[in-house]
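*Asks:* Residues per chain, in single letters:
There are 2 protein chains.
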Amino acid sequence: MRIYANESLPLGPHPPQWESFITLSNSRNAPSSSSSPVPSPMLADYLQRREKLIAEDRALRIDRVRANYSTAELKADEVVRSIRAREAVSVWGVNHENVPHPYPGMEFLNAKEIIVKTDLFSKIVSKMPKGGLLHVHQNASVEAKTVLDLALGHPAIHIRVPGPLDAASLETVLPKIQPVPVEQYPATDAIGITDLLYTGGWVPIKKARELFDPALGGPAGFDKWVLSAFVINPSDAFKTYNTPMKIWLKFGSTFAVTDPIIRFVPIQKEYLRMCIRSSIEDGISYIEIRTSFFKKYILAEDAKTKLELRELLLIFREVTNEMKAEMKAKGREDDFAGLKIIYNTLRIISPKELEAELDQCSRFKQEFPDLIAGFDLVGHEDGAECKPLIDYAEPLLRFAEQHPDIPFIFHAGETLGDGTAADMNLYDAILLGTKRIGHGFSLAKHPKLMQICREKKIAIEVCPISNEVLRLTSSMPMHPLPIIMNQGIPVVLSSDDPAMFNSMGLSFDFFQVLVASEVTGLLTLGQMARDSITVSHVLALVSCIV
Amino acid sequence: MRIYANESLPLGPHPPQWESFITLSNSRNAPSSSSSPVPSPMLADYLQRREKLIAEDRALRIDRVRANYSTAELKADEVVRSIRAREAVSVWGVNHENVPHPYPGMEFLNAKEIIVKTDLFSKIVSKMPKGGLLHVHQNASVEAKTVLDLALGHPAIHIRVPGPLDAASLETVLPKIQPVPVEQYPATDAIGITDLLYTGGWVPIKKARELFDPALGGPAGFDKWVLSAFVINPSDAFKTYNTPMKIWLKFGSTFAVTDPIIRFVPIQKEYLRMCIRSSIEDGISYIEIRTSFFKKYILAEDAKTKLELRELLLIFREVTNEMKAEMKAKGREDDFAGLKIIYNTLRIISPKELEAELDQCSRFKQEFPDLIAGFDLVGHEDGAECKPLIDYAEPLLRFAEQHPDIPFIFHAGETLGDGTAADMNLYDAILLGTKRIGHGFSLAKHPKLMQICREKKIAIEVCPISNEVLRLTSSMPMHPLPIIMNQGIPVVLSSDDPAMFNSMGLSFDFFQVLVASEVTGLLTLGQMARDSITVSHVLALVSCIV
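Protein sequence lines correspond, in order, to chains F and G.
Residue numbering for the first sequence follows my numbering, starting at 39 and increasing by one per position.
Residue numbering for the second sequence follows my numbering, starting at 39 and increasing by one per position.
These are calculated hints, taken from the structure and not from any lab test.
Please note: incorrect hints may appear among the correct ones.
One copy or any two copies: either way a pair holds, since identical chains are not told apart in the list.
Lysine-lysine pairs mimicking DSSO-like chemistry, simulated, CA-CA at most 27 Å apart [said to hold, decoys possible]: (1) 288 to 277; (2) 150 to 284; (3) 284 to 342; (4) 362 to 277; (5) 90 to 155; (6) 161 to 486; (7) 486 to 90; (8) 90 to 425; (9) 344 to 403; (10) 161 to 425; (11) 155 to 284; (12) 165 to 245; (13) 368 to 277; (14) 90 to 495; (15) 90 to 244; (16) 473 to 90.
With the rest of the complex left out, here is chain F:
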């Protein structure tokens, strides 16, 4: 098995791959600078000082650190800029049905149907290598439609609602969907959940779909209803729950609906396969996946035996190895370096309970040293029920001392707050020695912390679409990413919960970043992809496995 001995291939931009882009539109060069008359000595001097100032201002950016770009790389960057400039007018400057105010970097849930039709997306961004996906939640990593298909494909999966669904209740009722043991299966003549005689029991999901009232859309209506409970819809984000606090009500409910489907061994395995396969197809070469150990079991194939969480780790190991073998069999072993887990629990537990979690994490690390990459606490940082990191300082300090092999990779500063508990988490994450920061949305407010992140190379896992859908920013141009980048802080673009945001892969996040700036270009994205490897644990993986 070939493992990357260094980060040069194929995880970053390099001439052979870029050259294919150049042929796309070599008739569309960036406009040459206009042939203005020779400037006066005063103006010439001014222009020189201006150039110098701009260079100084941008000196810390990752795309300025390398000086030796090849001609092909520079050319590819220029071509991409010209496509972006063209589509800013031809795509984003014209009216679109159902999209009231199109512009580059606009709200993703409204923009998606436009984005996928652009050349910039379909010919460039979706095809470029992304490096590592370092911030994604395991139970939000497979497309909603696929999860529904997985559920429909397993006879144990049943659905129930409080009573017969009708047009009105369809708008508000969330389904319960989960595996049930065979002895709880209803009689084969089960009636559907829209049937007036339905009294609220379990119905096989496949049956419920088939029997769904044609007046409510039949099977297609069923799919639409269920999927709207799996994802955040535009009307959720931009209307019903249009604040950073309220949207978490809907966000939380999507996990409540889908989690019981996934935490079932046969589906869990297939789910993970799907996650890895779709990631590879999007140009992702390596994954560090945040996995929750908050619930204490996973359900066995019989849908009643509660298996220890060690089983979950066995599944991760098995599926990862299987996927690597599959890629090798296709002669594509270079396209997938592997997967690691960031162990996480919810920041609602007590400091005492945290100690038990930390113990479990370290036991898992001993048994699965190649799999456990770090430890994190997750949840809605602004939520009243979530504790700030400072509440856990004591056990975390002890753990850091005893387990230098398990770094913290904390969520922190995923907030609009200024001086709120969620914002203050950034101080603690850094003081506790976090290796990277999940989100760090409010980091831009902290000059000293930015300096530390720059000097210690603490990378920020920036999740553009997540931040926007979860209402921390209203569009990509409003996002603080350029502030962070221009301070010379390493950034890895991440998808967070792509299943809920309908933003599978990293291409959509890369796209939104690319169109929202005139400074950022293909060279920037390429360097970000490279950096995602540098700040990951993939090299540690190499040393473990080789």
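Following the hints, put chain G in place on chain F, whose structure we already have.
*Replies:* For chain G alone, coordinates are given in the frame of chain F:
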């Protein structure tokens, strides 16, 4: 006439004024820190390092520069924090009719009716001294309702629309309102603009109001229709024109409708009086008012003679002196230090035309040295018709060399762009030696420029409500102000175009800033008020007048 010989009185917070706040709610102290058990040595050490890091991170903030706050000041700050914390729950945490998602710092146009009812606004912020108002456009400085009253009060002011207004056209037709010379007055039996026989001629505005179709609301319906053309309405900002580009269509139209009313000597004078009086009542002690010299005349009382713009300066001098005398007569001479003009023209002119403007500005400075405070170029920086500063570099460089007495005070970076022409204006504003920066919304992206602003004390005129209504930010918590403040850059809060935003005075801008942060408090706002004097030309004013 008493003039402030220094900035200590009454422009900043000082104990006697603050003490009155303390009595407001001294039963509501901030919660005392919980009596947790003595921390372990490890935790104690951690807490100490944490305190140090937080202090380092905030060291550059203006509210940390002074160390000698009095007990009364500290107490006042604490009281204000407790009121804010209480109302975050009691006001912003409950449902309000017609306001779907209330929260502190939410979009101003929806929040205003809630804001005015808070104790924080009515008892604290509206009563505190604000220092100088340093960024306000002269023709956007008087409340819309007052402008309508001024128009209704002058017989020369007439109105016209293309044809009879009805319920449908009311939604889209903008009125033309302006003074007309007496020989153009219609016959006294003028018919109203909603009359089916109306053919599109001038109607005295008072008459048009009286005759407004009762089916369309009569005079109240007339007022509603006219005022909706004077201001940006919630439906404009959050629906019809909900992007930073589109909102300027509406914004521009409000000026087009109101400018002809104001550029008329008798109304101009009264308009300026109203501006100064209402500013003083809001705690503003000094004004630097951006005044456009783009149009080449002001209309005389006869509504046909086009007077030179020198007349405008005479009006400013006359009204300012009159207002100062009025304040002195009330024994309140300390409450108004005066008014100066920042000469501005539109950044749509050619570099050649700019030279003529600069010449005129310097001539005015010679004749009115006490009145002209600086020079600026204004307009929609992102707009296709607006030129970037670099296009004007040559004449501006020459002017700066020849006229060190007329500083540039440029609008720059009023944009979401990253590397766009509007964003790049920041480099030029600074290189050209701007004394302050109007907006500087995109400054946070520029580490080197922030360093220069900090070191050279180039203040940023931050206009919170303007930025939000004009869609650069969706709410105050999303605003980059804390980033700028924490970098140690001087900030003056400003209202920009309060007439169009329905945000008269500085109280609303101060309020939005105060509720959107847990770090910022009364001491911060007080220091900002002081700083607004330091970075103004009021001291130069003193030396000129005394």
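*Asks:* All hints, please: hold or fail.
*Replies:* Evaluation of the provided hints:
1. 288 to 277: For residue 288 and residue 277, both the intra-copy (12 Å) and inter-copy (23 Å) Cα distances are at most 27 Å.
2. 150 to 284: Classified as both; 23 Å inside a copy, 21 Å across copies.
3. 284 to 342: Cα proximity of residue 284 and residue 342: none, with 35 Å in one copy and 57 Å across.
4. 362 to 277: Result: close neither inside a copy nor across copies, 43 Å intra and 50 Å inter.
5. 90 to 155: neither (39 Å within a copy, 51 Å between copies)
6. 161 to 486: neither (40 Å within a copy, 36 Å between copies)
7. 486 to 90: both (26 Å within a copy, 11 Å between copies)
8. 90 to 425: between (47 Å within a copy, 22 Å between copies)
9. 344 to 403: Cα proximity of residue 344 and residue 403: one copy only (22 Å, versus 84 Å across).
10. 161 to 425: neither (44 Å within a copy, 34 Å between copies)
11. 155 to 284: Answer is between: at 24 Å across copies they meet the 27 Å cutoff, but 32 Å inside does not.
12. 165 to 245: Neither. Shortest intra-copy (39 Å) and inter-copy (67 Å) distances fail the 27 Å Cα cut-off.
13. 368 to 277: Classified as neither: same-chain Cα gap 46 Å, cross-chain 51 Å, threshold 27 Å.
14. 90 to 495: both (26 Å within a copy, 21 Å between copies)
15. 90 to 244: neither (66 Å within a copy, 60 Å between copies)
16. 473 to 90: between (34 Å within a copy, 21 Å between copies)
Checked against the numbered hints above, the structure violates hints 3, 4, 5, 6, 10, 12, 13 and 15; every other hint is satisfied.
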